[in-house]
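Student: The residues making up each chain are set out below.
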Amino acid sequence: MHTVITNLSSLWEVVLAALVFGAGVPAVFAFAVRWWAQAETVDAEGRVRRNYPALAGALICVVVIVMVVITGILFTAKAFIAHQFGIHLFGQA
Amino acid sequence: MVLLIVIVTALAFDFTNGFHDTANAMATSIATGALKPRVAVALSGVLNLIGAFLSVSVAATVAKGIVQLNDVGGQDLLVIVFAGLVGGILWNLLTWLLGLPSSSSHALFGGLIGSTIAALGWNGVIWASGSEGVLIKIVLPAILAPVIAAMVGAIATFLVYRITHGVDEDKANEGFRWGQIGSASLVSLAHGTNDAQKTMGIIFLALVAYGTLDKDDHMPLWVMAACAVAIALGTYLGGWRIIRTLGKGLVEIESPQGLSAESTSAAIILTSAHFGLPLSTTQTATGAILGTGIGKRAEVRWRVMGRMAVAWLLTLPMAGIVGAICWAIAHLIGGLAGVLVVFAILIAGALGIYLRSRRDPVGTHNVNEWPEGVPPAATPSSVEQNHAG
Chain A
0 MHTVITNLSS LWEVVLAALV FGAGVPAVFA FAVRWWAQAE TVDAEGRVRR
50 NYPALAGALI CVVVIVMVVI TGILFTAKAF IAHQFGIHLF GQA
Chain B
0 MVLLIVIVTA LAFDFTNGFH DTANAMATSI ATGALKPRVA VALSGVLNLI
50 GAFLSVSVAA TVAKGIVQLN DVGGQDLLVI VFAGLVGGIL WNLLTWLLGL
100 PSSSSHALFG GLIGSTIAAL GWNGVIWASG SEGVLIKIVL PAILAPVIAA
150 MVGAIATFLV YRITHGVDED KANEGFRWGQ IGSASLVSLA HGTNDAQKTM
200 GIIFLALVAY GTLDKDDHMP LWVMAACAVA IALGTYLGGW RIIRTLGKGL
250 VEIESPQGLS AESTSAAIIL TSAHFGLPLS TTQTATGAIL GTGIGKRAEV
300 RWRVMGRMAV AWLLTLPMAG IVGAICWAIA HLIGGLAGVL VVFAILIAGA
350 LGIYLRSRRD PVGTHNVNEW PEGVPPAATP SSVEQNHAG
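From first to last, the protein sequence lines stand for chains A and B. Residue numbers are given in numbering that gives the first Met the number 0: position 22 of the first sequence equals residue 21, and the series is strictly consecutive. Residue numbers are given in numbering that gives the first Met the number 0: position 208 of the second sequence equals residue 207, and the series is strictly consecutive.
Derived by calculation from the structure, the hints in this document are not laboratory data. The C-beta atom is built at its ideal place from N, Cα and C for all residues, glycine as well. Errors might be hidden in some of the hints.
Quick partial rundown of chain A residues pointing at chain B, CB under 10 angstroms, derived from the structure [said to hold, decoys possible]:
id	residue
1	Ser9
2	Val13
3	Gly21
4	Ala22
5	Asn50
6	Val65
7	Val68
8	Gly71
9	Ile72
10	Thr75
Excised from the complex, chain A in its bound form (with noise of 0.2 angstroms):
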């Protein structure tokens, strides 16, 4: 029984976890449309309009997502590559 709570403890990391990046990543990323859409409307005389921050926003919004995925696979593959390259990432043995 005593196991089985600790399983439900690291349970609710696991959903955290799945929350922070299962949808915290989505949402960035929606933003990011959002904001790219945004960058350059054409108004009714034809004029094209660009709106900089907006563009900006959205790259932001890129960057920290292509960060986020970036960190994360090197975290998944930090055994493999201090094992074959002896880089030691994450500070670990």
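Start from chain A and add chain B according to the hints.
Tutor: Below, chain B alone, put in the same frame as chain A:
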């Protein structure tokens, strides 16, 4: 010779694992048209190949804490593992024929549990003891995976639609298609990392039993490479039947939902292993896709979901029964001859299922057409659906 057959069978299982699970990563991308079917499976195959090399943490613990194989060694162990693999492969092929996304890991564990029970009795299996055993390592994650994934998938979908509300639809879809490609790629990578390793673990077990390797040795590179190639080839073949069920059968999927589902799957698969509660890739992906339907308040075909749930429940016992029967056959005949007979049964069974599948082929040409009203996957009327829900 027996060792060789076991390794070949293990790689064959890895191959079925590959095409059985292509859908987890690529079903939504194919359904929304973000990727052409051929491109999707090729991309997924390559990423599975890379993913298989990324980590060996899962391989180290495969079957540990589920079956007690410390007391058997040599040929006996090889036969148990072999019979278990045959059980896993045949169940994977059967569920593929029915287009049902069942868990390949459960098929593998089910087969192993079955052959272990047949060989060593009930005590050969660790049911529940401390942090080990079937209950903690298989049953609990199996219940949790679809629920957590559906919840997170629903929240992600809700947020995504909320945030992009009022945005020009064409533009949004274009953006989300790119997002889908990225997130689906991540799932493929995570799948290679998780699932190819289970086969590596099995081959490692066999090599230790044979005496080629010591328990504490590192995973040989050729084993990693062979498993990586097997799962990548399987993925490239594409389990079109299952892709169709997940992409078109469960809910009608749009790009933003696809993105949400894949991100949820990738996040859960990659992080849950880190927290020591590894959740099934298939059940996570299915749950996430279901969740996107709920999050968008769209129609969910609960009857299709019900069929999947039944398949999930049956996977462990059915693969187990096949595994047990195979062990018994191999044991009765004995020695190399017994193993060869079971191997022949495996080939005959696989061939039979393949021939049956040709009668009603599903491929790149019709992967996005859900057969409305065709039994047994008949779509219930909306009234029935309310009852089923």
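Student: Each of the hints needs a verdict: does it hold here or not?
Tutor: Quick rundown of the hints versus the structure:
1. Evaluation of the Ser9(A) hint against chain B yields a held restraint, the C-beta minimum of about 5 angstroms falling below 10 angstroms.
2. Among the interface hints, the one on Val13(A) holds; its C-beta lies about 5 angstroms from the nearest C-beta in chain B, closer than the 10 angstroms criterion.
3. Taken as an interface hint, Gly21(A) checks out: its beta carbon lies about 4 angstroms from the nearest beta carbon of chain B, inside 10 angstroms.
4. Evaluation of the Ala22(A) hint against chain B yields a held restraint, the C-beta minimum of about 4 angstroms falling below 10 angstroms.
5. Taken as an interface hint, Asn50(A) does not check out: its beta carbon lies about 13 angstroms from the nearest beta carbon of chain B, beyond 10 angstroms.
6. Annotation: Val65(A) was flagged as interfacial toward chain B, and the flag holds, the nearest CB pair being 9 angstroms apart, inside 10 angstroms.
7. Because the smallest distance between the Cβ of Val68(A) and any Cβ of chain B comes to about 7 angstroms, under 10 angstroms, the interface hint for this residue holds.
8. Evaluation of the Gly71(A) hint against chain B yields a held restraint, the C-beta minimum of about 6 angstroms falling below 10 angstroms.
9. With 10 angstroms as the threshold, the beta carbon of Ile72(A) comes within range of chain B, its nearest partner Cβ sitting at about 7 angstroms, so the hint holds.
10. Hint status for Thr75(A): holds, given a least beta-carbon distance of 5 angstroms to chain B, under 10 angstroms.
Hint compliance for this structure: hint 5 alone is broken.
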